[in-house]
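J.: Okay, here's what each chain looks like letter by letter:
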Amino acid sequence: MAKLKKFFRYENVGMLFVLPAFLYMLIFVGYPIIRNIILSFQDVNAGNLVRGTKNFILFDNYIELFKDSVFTTSLWNTLRYTVLCLVFQFVIGFVLALFFSQRFSFAKPVRGILLVPWMIPVTVTALMFKLLFATDIGVINYILRSLHLIDKNIEWLTTPGTAMFALICANVWIGIPFNMILLSTGLTTIPKELYESASIDGAGKVQTFFKITLPLLKPTIESVLILGFIYTFKVYDLVYVMTSGGPVNSTHMLSTYSYKLSFEMFKYSKGSAVANVLLVILLIVGVFYIKVTTDGEDA
Amino acid sequence: MKKRKITALLTALAVTAGILTGCGAGGNESAPAADNAPAAQESAKEESGGEAASGGEAQAITIWYYWETEGHQVALDQVIQEYNGSQNQYEVTAKYVPFADFKKQLSIGASADELPDIAILDSPDHASYVEMGIFEDLTGKFDVSNYYEGTVNSCTVDGKLYGVPFGANCLALYFNEDMLTQAGCSVPTTWDELMETAKALTTDSVTGLALCSVQNEEGTFNFVPWLWSTGATSYDINNENGIRALTYIQNLINEGVMSKECINWTQGDVMNQFISGNVAMMENGPWQIPTMQAEAPELNWKVTLIPKDAEYASVLGGENYAVINGGNVDGALDFLTYATSEEKVKFMMDKFGYISADKTIAESQFAADSPYQPFVEELNYAMPRGPLAEWPSVSDAISLAFNQVITGTATPEDAAAQAQATIDGIVK
Amino acid sequence: MMDEEKRLSHKKNILFSIVSVVLLCILLFPLYWALITSLKTEQEIFKNPPTFYPHVLNTKSYAAQVETGDFNMFRSFANSFLISVGATVIAVLLAVPASYGIAKYHFKARKIMLLSFLVTQMLPVSVLLTPMFIMFKNMHVYNTWVAAVLADATIGIPFSVLILKNYFASIPKDLEEAAYLDGCNKFSAFVRILIPIAKPGVMVCAIFSFLYAWGDLAYGMTFILDQEKRPITAGIFNFMGQYGTKWSYLTAFAVVTIIPVALIFIFMQKYIVSGMTSGAVKG
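Protein chains in written order, with this note's numbering: chain D, 1 to 299; chain Y, 1001 to 1428; chain L, 2001 to 2283.
Just chain D, with the same shape it has in the complex (with noise of 0.2 Å):
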C-alpha cells in the first residue's frame, strides 16, 4: 500500500493521464512496426506470403537496397523534398499567421477559408495540380507565356527536376494552412500584456518579433517542424497520384517506392525494408527533437 501511495506522488500521476493514449498508439502501431522489422529480415515475396518457409536472410535487404541506385535516389528525393517542401510551407504559413493576427476586418473570415485545400482528399489535390502543370494545356504554362516569362512551354511532369519543383509546389500549398493555423493558435497563448509593456519600453516591431514573439513561440514552432517533417518525409499519396515516381524514377520518395515493391512487385520484405529506413531517419530526427525540446526544463 505504501509502495502504491509512493507510486501515486505527484510526478507519476502525469503518466496516467498519458498512458490511455499510449496504450492505444501501442496497441494499433506498435504491432505494425515490429512485424514491419521483422519482415525486413526475412525474404518474403509472392512465394511464400501465404505458404512455405520464410527464412531470415537478415540484413541482405538493406545490404541490396544500397547497391540499388532507384532506393539511392528516392532517399536523396525524399531528404532534399522534405527539407525544401518544409522551408517554404514554414517562412509562408509564419508570415501569413502574422498577418492574420492584425485585427483588421477580413482577418478572421480569410483566414477560416484558406483552410478550404485541407478539405479536398489529397489524391484530388495531386490531380489537380497535374491538370495545372500539364504541358500544352495546363494553365500554369499558359500564364507564364502570357506574362512573357517563357516563349516555349515547359514540360514539367516530364523532366526530372522541374517534375521535383511542382510536386514541391502541389506539397506548400497544402502545407501552408496547416503551418498559418497551428502558428496563428499559437501566438494567441502570448500574453498581450508583453507586447504592451515592449512598446512601453519603447522596444521596436523587429526587436519585439525576436524578444517576444519568437521565444515565447519556440514550442509551437517545434512542433510544427517536426510534425512537418514527419508528414512530409513519409509523403506518398500526392507524389504517387501527381508522377508515380517518374519521369525515369526521378520523384520516387522511399514511401512510394516501397510501395511499389511491396504491392506491385510483390517484395514486400524489400518494401518493408525501404519502409525501415525512412523510419529510423525519423527516429534520428524525432530523438534530436526530444531532445532540444525538453533539455534543460528537467533541471
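One thing to keep in mind: the hints can contain errors.
Said to hold, decoys possible - The calculated BS3-like cross-link candidates involving lysine-lysine, where the alpha carbons are at most 30 Å apart (straight line), are: (1) L:Lys2060 / Y:Lys1095; (2) Y:Lys1359 / Y:Lys1344; (3) Y:Lys1199 / Y:Lys1260; (4) D:Lys205 / L:Lys2199; (5) D:Lys152 / L:Lys2047; (6) D:Lys108 / D:Lys205; (7) L:Lys2060 / Y:Lys1199; (8) L:Lys2011 / D:Lys192; (9) L:Lys2011 / D:Lys205; (10) Y:Lys1160 / Y:Lys1095; (11) L:Lys2108 / D:Lys218; (12) L:Lys2108 / D:Lys108; (13) L:Lys2199 / D:Lys291; (14) Y:Lys1308 / Y:Lys1141; (15) D:Lys211 / L:Lys2199.
What the hints assert, rightly or not - Reference listing, derived: stretches of chain D covered by chain Y, where coverage requires no fewer than 3 residues with Cβ under 8 Å from a Cβ of chain Y: (16) 39-50; (17) 151-164; (18) 177-183.
Just so you know, the hints here were simulated from the structure itself, not pulled from any lab data. Every residue gets a Cβ at the ideal spot worked out from N, C-alpha and C, and that includes glycine.
Go by the hints and put chains Y and L onto chain D.
T.: The following block gives chains Y and L in isolation, referenced to the frame of chain D:
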C-alpha cells in the same frame, strides 16, 4: 476526490483492456462453409426454381472485380442476379475493388486469410498469384479448347490451368479519318509509313501519334507491340531488334510527332486527347469504343492493325476468372460454369465492349463493318505478357527502358543494356 | 506589427483587407480552376490554350455525382461524417489528458512516451495496411466503419498530443495552484481550469483530426470492402482509373466534397473562430 481519479483510471484501463482482448481473440473464423458444400449441392439444384424450399440458407459466394464503369458493373450484376434466381444453393455478391488497389487488396487479403471466392483479375498478374498459392487448380474442369491460345496461356502455369479467361482485348491503331484525308495520307501499315503519316498529321495544335507510356504495367502493355514487332521478345531486348524498337519510339519524340507527356497519360487520357482532337492517331484498346461513341459521337475515326516493322504484333489484354482455393470452391465453380456459358459470355462481352476469349464466339461477335472487327483481326497477332510469376519485375524493366528513351535520359543502347541486365537477374 | 491591442487605423484596415483578399485569390486559384474545370466539357478541358471560364456550360458532371453505379454520394457522405467524428472524438479524448500529462508532469518515462508518440507516425501507410488489416479482422471490425475510425484516430492522437502540450505548458502554474487552494484535485483542476484555457488548441486539434480522417482514402478503402459503407473519398475511383481521368467529373467531385465540410465550418464558425483566437492567457 481521490475516488474520481481512480474511477477515471479504471475506465481508461477497461477500455484499453477491451481493445487488447478483442485483438487477441478470434482469429480463425475465415473460410466458413468451405467444406459443407458438396453434398448439399445436388439436392438443392434439383428443387431449384426460385422459392426457398430447402431449410439451409444459401451459401455466400463473393467476387472481387475492378471495373469502375457503370455499364460493366450493371452487366456483371445482371448475370449474378440471374444466377442467384436460377438456384437457391448459392448467393453470389460482387464487390468492387478499384484497379489501383486491386493487387494490394489481394496481397493483404492473402496475408490475412481474407479473400473472396472468385477474383476477376488482370491477366498479366495471374501467374504471380498462382505462385502465391491462392488459386485453385482448374485443370479439366473447363473446356478452353476453343479459346484463343494466348488467353489460356495467361492462366496456365506448369501445364495446369489456374483460371478461366473472362474476355480478351488487344491494342490496335486508331486514326482520325478526317485529319488523315485532309493531310492526303493513306492508312499506314509499316513503321516508315507511320512515321511519314504522323509527320504529315502533326500541326501546331495536333500531334501525330500518342500511346500511353506511363512507367508501369499499363505502359509496358503499350510498348511491347513495338518491341515484339521487331522480333525481339520480352526477355531478350539488348540486341539489334530491341534497340530498333527503342530507337523508333525515341524518333517519334525527337521528330515531335509524339508528345513527351505521354509518360503521364493513361490509356484513358490518351483517348481523351484523341477525341478532343489534340492527337491524330493513337494506340489503344477496344474498351474505349463505348466511351468514344458516347462522348464524341460526331468524331470520324477508324481502327487498323498496329503498323509493323518485321511482323504484325499486338499484346493480349483482358481479365481472367480465378477461384480462390481457401474459399467455397464448389460454389465458385458452379457460378463460373454458369457465367462462361455461351449465352452469358455473349451478353457480357457485348455490354463490356470486349471480345470473347472463345474464338468461335469472337469470330461471329461483330458485324463486318463494326469498329470492333479490326480488333478481332488484331487478336490473331496478339501475344500474352508472361506468364511468369516475376512478370511485374520484367515489366518494370521494359517500361523503364522506354521511359528513358522518351525522356532522353538514356540512349536506346544504354536503355536496352540496362533493361537486359535487370531481366537477366530475374529470368535465368 | 505585433501589437494586437491597438485597433488598426481605418486606412490600414482597408489596405490589409485588400491584401488579404489578393492573397486569398492567389492561394485559392487551384480551387477556382477546379470549379471551372468541373463546369467545362471534357473537350474544352483539353483545349490548348486553356480557357479561363467555361465557354460551354456543362453541368453533367454534377448530375454524375449522384448517379454512378452503386456509389451513393449522400450515403458515403454520412459514412465519412460518422468515421471522421468518431476518429475526432477518440483523438481528442485521449490526446487532451495525454498532452496535459506530458506538459505538466515530469515523470521518468515522459521522454520515451513523447518519442513513441512521434515514432508511431513514422511508418508509411503502405506497411501499416497489412498488419492493421490482420488486427481488425481478429477484432471482428474488418469491413465496418469502426476499423476506419480506429485507424484514422492513430493519425489524430500523436498530432494532437504534440500541439496541445504546448498549450498546457504555456498555462502558468499559479493558475493551477489557485485551483488546488479552491479545493480542486488534479483531475478536477484539469477539467475545470486547464481545458477551458487550452480551448483554442483543443479546437484546432479537433479540426485537424477531423480533416485527416475526412481526407483519408487508404484506410477506408482497405479496411472497408462494402461500397455502401465506404467513405466519400472512395468516390474518386468512379472518375479516375483504368479508363482515364474524367476531369470534369473529378473536379465536380472535389467541389461536392468541399461543400458539406465548408458548410459545417461556416455553421460552427462562431465556436471555431472564438475557440481558435480567444483564450489568451493572462500572464
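J.: Confirm or reject each hint.
T.: Consistency of the hints with the structure:
no.: 1; hint: L:Lys2060 / Y:Lys1095; verdict: holds (27 Å)
no.: 2; hint: Y:Lys1359 / Y:Lys1344; verdict: holds (15 Å)
no.: 3; hint: Y:Lys1199 / Y:Lys1260; verdict: holds (15 Å)
no.: 4; hint: D:Lys205 / L:Lys2199; verdict: holds (29 Å)
no.: 5; hint: D:Lys152 / L:Lys2047; verdict: holds (17 Å)
no.: 6; hint: D:Lys108 / D:Lys205; verdict: holds (22 Å)
no.: 7; hint: L:Lys2060 / Y:Lys1199; verdict: violated (37 Å)
no.: 8; hint: L:Lys2011 / D:Lys192; verdict: holds (23 Å)
no.: 9; hint: L:Lys2011 / D:Lys205; verdict: holds (20 Å)
no.: 10; hint: Y:Lys1160 / Y:Lys1095; verdict: holds (28 Å)
no.: 11; hint: L:Lys2108 / D:Lys218; verdict: holds (23 Å)
no.: 12; hint: L:Lys2108 / D:Lys108; verdict: violated (41 Å)
no.: 13; hint: L:Lys2199 / D:Lys291; verdict: holds (28 Å)
no.: 14; hint: Y:Lys1308 / Y:Lys1141; verdict: violated (39 Å)
no.: 15; hint: D:Lys211 / L:Lys2199; verdict: holds (26 Å)
no.: 16; hint: 39-50; verdict: holds (count 4)
no.: 17; hint: 151-164; verdict: holds (count 5)
no.: 18; hint: 177-183; verdict: violated (count 0)
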